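> With chain A's structure known, arrange chains B and C on it following the hints.
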Amino acid sequence: MPKDKIDGLQLFCLIVLFLFGTAVFLDLGSGARQDAWIVTILSPIAGLIIFAVYYRLYRQHPDLPLTEYVKKILGKYLGSLISYMYIIYFIYIASRVLRDVEELLISSPYAKTSIITLGICMVFALVYAVHLGFEVFARAGIICFAIMTVTLLLILIFYVISDLIHLENLRPVLAKGWKPVFREIFPVNMTVPYGELIIFTMILPLMKRKTKILKTGSMAIAYVGIYLTINIMLLICILGADLLERSAFPALAAVGYIQIGGFIQRLDPLIILLIVFLGFIKVGLFFYCAVIGMNNLFKMKPNVFTSYFMGGIICISSIMIAPSYQSHLDEGLKVVPYFLHIAFQFAIPAALLVLASIQRKWKQGKV
Amino acid sequence: MFRKHYRHHKKLSKSIASNIEYLKEQFGNSSDLSVRNIFLSNHGKAAIIHIQGIVDEQSLHDNVLHPILAWSHEQKPIQNWSREIAQILSVSKVNTIDEWSEIVSGLLSGDTVILIEGHSEAILAGTGKIQSRTITEPSTQTVVKGPKDGFTENLGTNISLIRARIQNNNLRIEQTKVGKVTKTDIGILYMEGIAKEEIIKEVKERICKIDMDSILDTNYVEEALKDNRKTIFPLFQNSERPDVVAANLLEGKITIIIQGTPFALILPAFFIQFFQSPEDYYANYLVSSFLRLIRVGSFYVNMYASAIYLALITHHHGLIPTTLMVTLMAQREQVPFPAIVELLVMELAFEVLREAGIRMPRAIGPAVSIVGALILGQAAVEAGFVSAAIVIIVATTAISSFTLPNPNIVNAARGMRFILIFAAAFIGFYGIILFSLCIILHLCSLKSVGVPYLTPLSPVRVSGLKDSLVRIGTSSK
Amino acid sequence: MRKVISVLLIMGLLTGCSNYRDLNEVGLIIAIGIDLPQERETGYRVTYQVINPGYFSQNGAGNSLPVINYTVEAETFIEAYRMASLIIPRENSVTHLSLIVIGEALAREGLGHIFDVFERGESRSSFPVFIARDTTAEEVLGVIEPLESNPTKSIISTSENNEKMYAISEIVPIYRAISLLSGEGQNLLLSGIHLNKPLKSQNQTDNLQDIKPPVVEVTGLALFKKDQLAGWFDGKFARTAHIINSAAEYTSFPLPCNSKKKLTVTTKGIRSTIKTELKPKLTLAVDADIKGYIAELECYIKIDSDEEIRKIEKKLETVAESQIRETIKMAQEMETDVFGFGRKLSINNPDYWKKHKKEWNKLFKTADIEVNVNAKITNAGLLTDPYKLQ
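Same order as they appear, the protein sequences are chains A, B and C.
Quick note, the first sequence lines up with residues 1 to 367 if you use my numbering.
Quick note, the second sequence lines up with residues 368 to 844 if you use my numbering.
Quick note, the third sequence lines up with residues 845 to 1234 if you use my numbering.
None of these hints come from the bench; they were simulated from the model.
Careful: at least some of the hints might be erroneous.
No farther apart than 20 Å at their CA atoms in a straight line, the calculated lysine to any residue pairs in the SDA-like style are these [said to hold, decoys possible]:
| no. | chain 1 | residue 1 | chain 2 | residue 2 |
| --- | --- | --- | --- | --- |
| 1 | C | Lys-1119 | C | Ala-1129 |
| 2 | A | Lys-176 | C | Tyr-1196 |
| 3 | C | Lys-997 | A | Ile-260 |
Chain A side only, calculated, beta carbon under 7 Å to chain B, not exhaustive [said to hold, decoys possible]:
| no. | residue |
| --- | --- |
| 4 | Pro-109 |
| 5 | Cys-121 |
| 6 | Ala-125 |
| 7 | Tyr-128 |
| 8 | Ala-129 |
| 9 | Leu-132 |
| 10 | Val-136 |
| 11 | Arg-139 |
| 12 | Ala-140 |
| 13 | Ile-143 |
| 14 | Ile-272 |
| 15 | Val-276 |
| 16 | Phe-280 |
Treat the numbers as computed from the prediction; the structure is a model and nothing was measured.
Ideal Cβ positions, reconstructed from N, Cα and C, are used throughout, including at glycine.
Next comes chain A alone, as it looks inside the complex:
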């Protein structure tokens, strides 16, 4: 086991940064039009339930990551297979997130840069991060959290000052009833970002103290839920449901409108700063989990080769997974949630939890 240790505050910051990830920039719940904020205020509840399941699993084996206790629960061969699949899944999600970041960058400021250049740069930084170990990563998380909070607050203040908010865009509430709202929550908004908390099953064993994890996690989820709700409400107020639905990156569009006194304008770099920071943390977490999973599975000591290898795979597959951004989005909304997320985020952990509890009962009965 790696001996890196992280504390509660670091866990909180990491969960928040992780959940913000790409969520701040993508059009969460825009399918529900002006009711998107109802989606973002309800989905954290689903997130809490999911996190509770992961937490229960972790309590059963407080010192092992997911890829290890799978073997304990399901036996060596089936368990290894499942944990191998999880590693692939982590790599896949990492490449998806990386692709999101790359697409945002080439859509606006880097129109002439090739997508692979952006990917390679990011992966180099990530390999360095993984090389330094998780404890350093978690500590850097606090700094990133501070920077992110300040930036988001600044943007929020600018929205308000530059008089862009039209509250009437929020009306009418629930014009089409609850149906579109629920259709947005399940599965898309439940799986991204909340279901992706599955990677914290790999990270929780690194905690210094084993107490209060559930509380920390819930606070982080609630914090994210509240912020995302405010964020999407602002975006609706500024852009209107119509543009929100049409725009690929609503946050970038909204920030483009900010103009204060002819001096504070063109704030796109703030958004780029945020997307790179958050994307970095999110890809980094998946990357790190894939690497420890891999090292554990093949019983390797932490080495440079695994991280370079993994980095290369993530970088290349971020480009290979989809021929165009449209198909990337399409996959992300219509295929991945149903085929991958539901299985890996809900079905397998739930099954594992049930199995583990049965095993435990059985063992207790035997003793």
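The following block gives chains B and C in isolation, referenced to the frame of chain A:
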């Protein structure tokens, strides 16, 4: 060769002539080894040996020579000559020694050796007085208001300056000698009960492990003590000011003072500390918080200004306000070089000027600055070699570097600046942000004697945050 | 060290893919004029106004012009943008695009999706759109004024100035235009500009020497029906349209004082709300609150009494009410709801709106109008009564 002579544990012989012969051989007949043969009327031949220049001649005469000669006239039977001489010498440190190595090192540190015919023992009298300058105002880390005394090159003086500030018996001073050739005295200072035991132990262990021939400045020790050698950031704080050292000692830090340099080493050091000036504590906390923020700001300006400018004018034209854009375009119209070349040349030119300014004899300093300002600034712009904006950026960068109280952190920022310029030229803001992330990660991975470098920012220490980027006033209650 | 070198090497290999562009390689387009083509059947005639940095540099030639216009005809915008390289010597960049002017002829044929390219591309979408009234965009962009030598800046600042002083014009950023075109229940209003007199000579520097040169004038407000220009509001009506939309704040109302002379009220804050009522008949109501002060008195009346002030308020109310009424009538005649009554209705009575969305223009035309103006005079400048002519 030198080393070989010191490794022995030879004892003295009884013959004074052979002893003197041996010593002379050891010092290679060095001309400053002074041997004075005297005749003690009660005892026979004796010799008083010292090295010229590092002994206090006055004290040697009044406290050693004179008492011995006076005593030799007393016709008393002698039981234990060495104890009797020790009694009559009026210096504070007297030792009786029979081993050559200690005699040699004693001589080297300014002691006087007294040999007497027929005894295989020598007496070492502490008459050392190493020449040092008087206490003056420190040349770096100057303050407008606050104490004006600075350390000197003398270890004893420096310790006395600290003792004068902390009159407490918990102030511990441990002296050892480091450096196989130079045998430099170094003192480890800490406050018992405030400094953490494990850090003290760690520091002592690391100092014991130092395996170097010479220690001439704090940097020698610094490099030996570093946790991570591959870093450009200073892991320890240097200070020339006794008040800074005293304040740090009281916060639980450990200070290492080295004979021969006025700079004390304070450890563990935190990143934040390099932005704190002693003056912060001598002024109103609101004012000092403001000044501290200015310093932090200038650090980032120093590091990022040129990279951000380059990113803007080569990658992100859309982010420059239109009127400014037109001005910048007009300025660059005649410039024959790409912006990156222009910027690098100007940055390097400034570094050259800065280096020249330090080496330059003081009298022609102003001439250099006139040439630098006129030739490089005005003429280059007028000739159309560089754009005026670049000159402004480089000048801003340069000026902002002078606000920081510690030169080491400026050097770190300088190094980072050049890499950031390349990153910006390569891929604009994306490169800057990614490299900044790497810097953050690097800073998080650093430790100063086992304590994370970014404390109290990360890991967060609430008590430490009160005196970090801003200083929150301490209430007197 | 090995790592640093390898990273630098890789960076070196990848530089070919970078965005690096030096400032002196860029042709900065600051305005685009769009007209109907003259040499071809379909497509557009696009005028690019490009900054000439030489003019702004210290030792720049005194007799060059601050901007240069390049006109290209092509099938689509991007085609034109790329084709422009035939005549523009530098890599053109739209990152600083700050104005779009559309020729009236094109606007009458319909704007269609011409704004799409500006939202999709590199340019930002918060710059204003204007209609070149009775002329082409090419013409309007081709005048250099002595006071503000950059035509783009001149157009924007003139209309900004008017917006603040009299409120005939309004800066409509492109994203608002798009959201009005794509949203339902409100049609688009765009400010018009034209030259106040024909150019005397083709030599632009002559224009700079003239003390009364032809300049760009803000004129009227173009009403759109869907995406087609349907008509114009002129002068007072344009101003009143902004009063109805709460877009005007400072403007002036000359009111009759006695038989011959006038007094003027300057407003400082107008808030209007629009309402719709279905029963008994579709009624469009406007409630306007006008706050103002007496800025000029050309006749002798004692205004130190409450009663006199109330009289003036009354006058203001009647004048404003009739103007508002007339303005809405004009819009009704053109069958275009530029005030957002439809949107109000869609929020208040979604069911009714859903049913009658298609025929809204007809319904709008026949709807009753109800106007309610509430004027308030707060002070009268530094004086109370005017001086007396003896």
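> Answer holds if the nearest beta-carbon of chain B is closer than 7 Å to that of Val-136 of chain A; otherwise answer violated.
Result: holds, 4 Å to nearest chain B Cβ.
> Does the CB of Ile-143 of chain A sit less than 7 Å away from some CB of chain B?
5 Å, holds
> Is the interface hint for Arg-139 of chain A satisfied, with its Cβ closer than 7 Å to some Cβ of chain B?
Hint holds; Arg-139 of chain A Cβ to chain B Cβ min 4 Å, cut 7 Å.
> Is the hinted pair Lys-176 of chain A and Tyr-1196 of chain C satisfied, with a Cα-Cα distance of at most 20 Å?
15 Å, holds
> Lys-1119 of chain C and Ala-1129 of chain C were given as a pair; does the straight-line alpha-carbon distance stay at or below 20 Å?
5 Å, holds
> Against chain B, with CB atoms and a cut of 7 Å, does the hint on Leu-132 of chain A hold up?
5 Å, holds
> Go through the hint on Ala-125 of chain A and say holds or violated, using the shortest Cβ distance to chain B against 7 Å.
Holds, about 5 Å.
> For the hint on Val-276 of chain A, just tell me whether its beta-carbon gets within less than 7 Å of chain B.
5 Å, holds
> Quick one, is the Ile-272 of chain A hint okay against chain B at 7 Å, beta carbons?
6 Å, holds
> Just to be careful, I want the Cα atoms of Lys-997 of chain C and Ile-260 of chain A compared with a cutoff of 20 Å; is the pair within it?
18 Å, holds
> Do the numbers back the hint for Phe-280 of chain A, that is, is its least Cβ distance to chain B under 7 Å?
6 Å, holds
> Under 7 Å is the threshold here; is the Cβ of Tyr-128 of chain A close enough to any Cβ of chain B for the hint to stand?
Where the cut-off is 7 Å and the nearest Cβ of chain B is about 6 Å from Tyr-128 of chain A, the hint holds.
The structure meets every hint from the earlier list without exception.
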